[in-house]
Amino acid sequence: MDGMLMFFEQDSYTFGRFLPGFLLPGPLIYNPRTDSFLTVSSARQLESYKYETLAVATEAESRQDPDMPLKTGGKRLMPDWTFVLGEQALDLSVPSFSHSSSSIFVLGERNLYCLRDNGQIRFMKKLEFNPSCFLPYTSVTDGTTNLLLSNHTNMLLVYQDVTLKWAAQLPFVPVAVRVANFPELKGVVISLSSDGHLLCSYMGTDPSFFSTPKVDAREVDYEQVDAEMKKLQKYIREASRTQDILPKSDAEGDLVVTAAVSPNMDSQSLALIQDIDGVPIPSVTIQVKVKASCVVQSSKLTVSIQPPLAVTQDQFVLEPMGVGSSTVVAFSAFLNGRYPPADLTGDITVSYSSPTGVPRVLQSRFCLPLALVCVPSSPAKTTKFKITVDTNQAPVDLNSIFPEFSAKSEDKDGNSLAFQFLSGAKVTVLASKTSQRYRIQSDSFEDMWLVVKELVQRFDRHFTKLGVKDFKKSFSGPLPLQEYFLSVDHHFQGNVSVLVRGPQVVDRWDEPSVCQQTQTDEDLLK
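Oh and the sequence shown: position 217 is 217 in full-length UniProt numbering, straight run, nothing missing.
Hints listed in this document are in silico derivations from the structure and should not be mistaken for laboratory results.
Where a beta carbon is used, it is the ideal one built from N, C-alpha and C, also for glycine.
Heads up, some of the hints might be wrong.
[Unchecked claim] Only pairs whose alpha carbons sit at most 27 Å apart, straight line, appear in this in silico BS3-like list of lysine-lysine:
(1) K291 <-> K231
(2) K386 <-> K453
(3) K186 <-> K234
(4) K469 <-> K426
(5) K465 <-> K433
(6) K230 <-> K186
(7) K384 <-> K473
(8) K386 <-> K433
(9) K453 <-> K473
(10) K453 <-> K384
(11) K381 <-> K473
(12) K381 <-> K426
(13) K465 <-> K453
(14) K453 <-> K469
(15) K472 <-> K386
(16) K186 <-> K231
[Claimed, not checked] So the derived label-pair ranges between C-beta atoms look like this:
(17) V452 <-> L164: 54 to 62 Å
(18) L272 <-> R237: 51 to 59 Å
(19) T153 <-> L198: 53 to 61 Å
Please model the complete structure; the sequences and the hints are all you need to start from.
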């Protein structure tokens, strides 16, 4: 561990030498051809020390004890040659099976090196994997070396110099590999796992001498081949059209779920909050019809909606239904907070079991009206944020696009329309008289989203009814990233304020209880 090489002659200690620049022990091997020792130092370089150089170098004992006088007869230990690897070496090997090819192999963490005995590099192979061990085992042709190389993906690779010749899969990551010859079996690959298990494997298979008999060449009937190809393509299209992980056709055939949103608000609102700043909170009724085409047992219906929107009942347990029977459930949706929702869509999920006992899920979606979260208002002339939507069709009367808001609109020409959200923000839509543009503006950047989405969707439905197929809408201005980031920062600061003031609210809440308890104790003492 201290970087000291100790030499023994049988049982007698001969001498010891400290390796220069030593921090951690690395691989060490002896090269009998040059009578030298090879190791990889902490400087990540391969170093070669001749035995003669080690013998005449300064004694290790004199360097260990600073109080002892230095011997003047020794020399400073210097390597005969070095080779910079630039990485830590995993293993060294000096094969001796061929006298013509004298090579030194170094397995690094990312590369495989082959050097001559004098330190000159023969070749280097960059590895695309993490190696675990290697073994140069034979020389098939003069001047080349075959080696086994294993990696951490349980692969055993056979290379001839830098050319991959064979690859095999092992059941573990070997930490050592050797080639053994047994009396009845030659060339057995012995692999050692990290938990001490040995694996004897034989690389290769017995050759098969079977050769495919030649068939008589015949002319190809291209018309027949073309007809067969069309037939196969038809089968493929039919299979790909009906194939799915879940049998949707069967699921849709078992139940049919339809949701209908009432076009008018409820005459008597069912909202939990009656009004916000004097503006009444409306509610709207949604009817869901579930029709069965087979016997359905233990079915449940769940309603999910974006907050702060809420419903009067979000879970229903449906009665067992027979073939052709149907069940209708109704609930109301309303705003239950002082901020606008991110979306006006809701999901209905029906979970049930098929007649064969297979659990299935069917979903349906409904969209709530914009009038549920905002009311008509007067257009605003000056605002902070503006967005312009371009179209390729003539300007449309906004009163025809939003008929439920046009009754109380001050602009009878249909060029402007204002939406007052129940949470307080106002959004104004302006239609250009000369161009095909629409401007959406507001003092609240994030509140414009619902109006922009509703405007685009109603434009699509409007031009679809008119038979316009090439209707396009676009946004040509720069992306309002600065406004978006300001909204994100404002939201973040709000969350930080809640986290900071939360404990303060809890402390203030506990103070009346403490005062009341103290007053009670004083009354008992009296």
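Hint by hint, here is what the structure shows:
1. K291 <-> K231: Given pair K291, K231 is violated - Cα atoms ~39 Å apart, limit 27 Å.
2. K386 <-> K453: holds (15 Å)
3. K186 <-> K234: violated (55 Å)
4. K469 <-> K426: violated (33 Å)
5. K465 <-> K433: Measuring from Cα to Cα gives roughly 23 Å; hence the hint holds.
6. K230 <-> K186: Not satisfied, since the Cα-Cα distance of roughly 55 Å exceeds 27 Å.
7. K384 <-> K473: Between K384 and K473 the Cα gap is close to 23 Å, so the pair holds against 27 Å.
8. K386 <-> K433: holds (18 Å)
9. K453 <-> K473: holds (12 Å)
10. K453 <-> K384: The given pair, whose Cα atoms are some 20 Å apart, holds under the 27 Å limit.
11. K381 <-> K473: holds (25 Å)
12. K381 <-> K426: Judged against 27 Å, a Cα distance of about 11 Å means the pair holds.
13. K465 <-> K453: Within the cut-off at roughly 19 Å; holds.
14. K453 <-> K469: With Cα atoms ~20 Å apart, K453 and K469 stay inside 27 Å; holds.
15. K472 <-> K386: Holds, at roughly 20 Å.
16. K186 <-> K231: violated (54 Å)
17. V452 <-> L164: 54 to 62 Å: Between V452 and L164, where Cβ atoms are some 59 Å apart, the hint holds.
18. L272 <-> R237: 51 to 59 Å: For R237 against L272, whose Cβ atoms are near 53 Å apart, the range 51 to 59 Å holds.
19. T153 <-> L198: 53 to 61 Å: violated (21 Å)
The structure fails hints 1, 3, 4, 6, 16, 19 (numbered hints given earlier, in ascending order).
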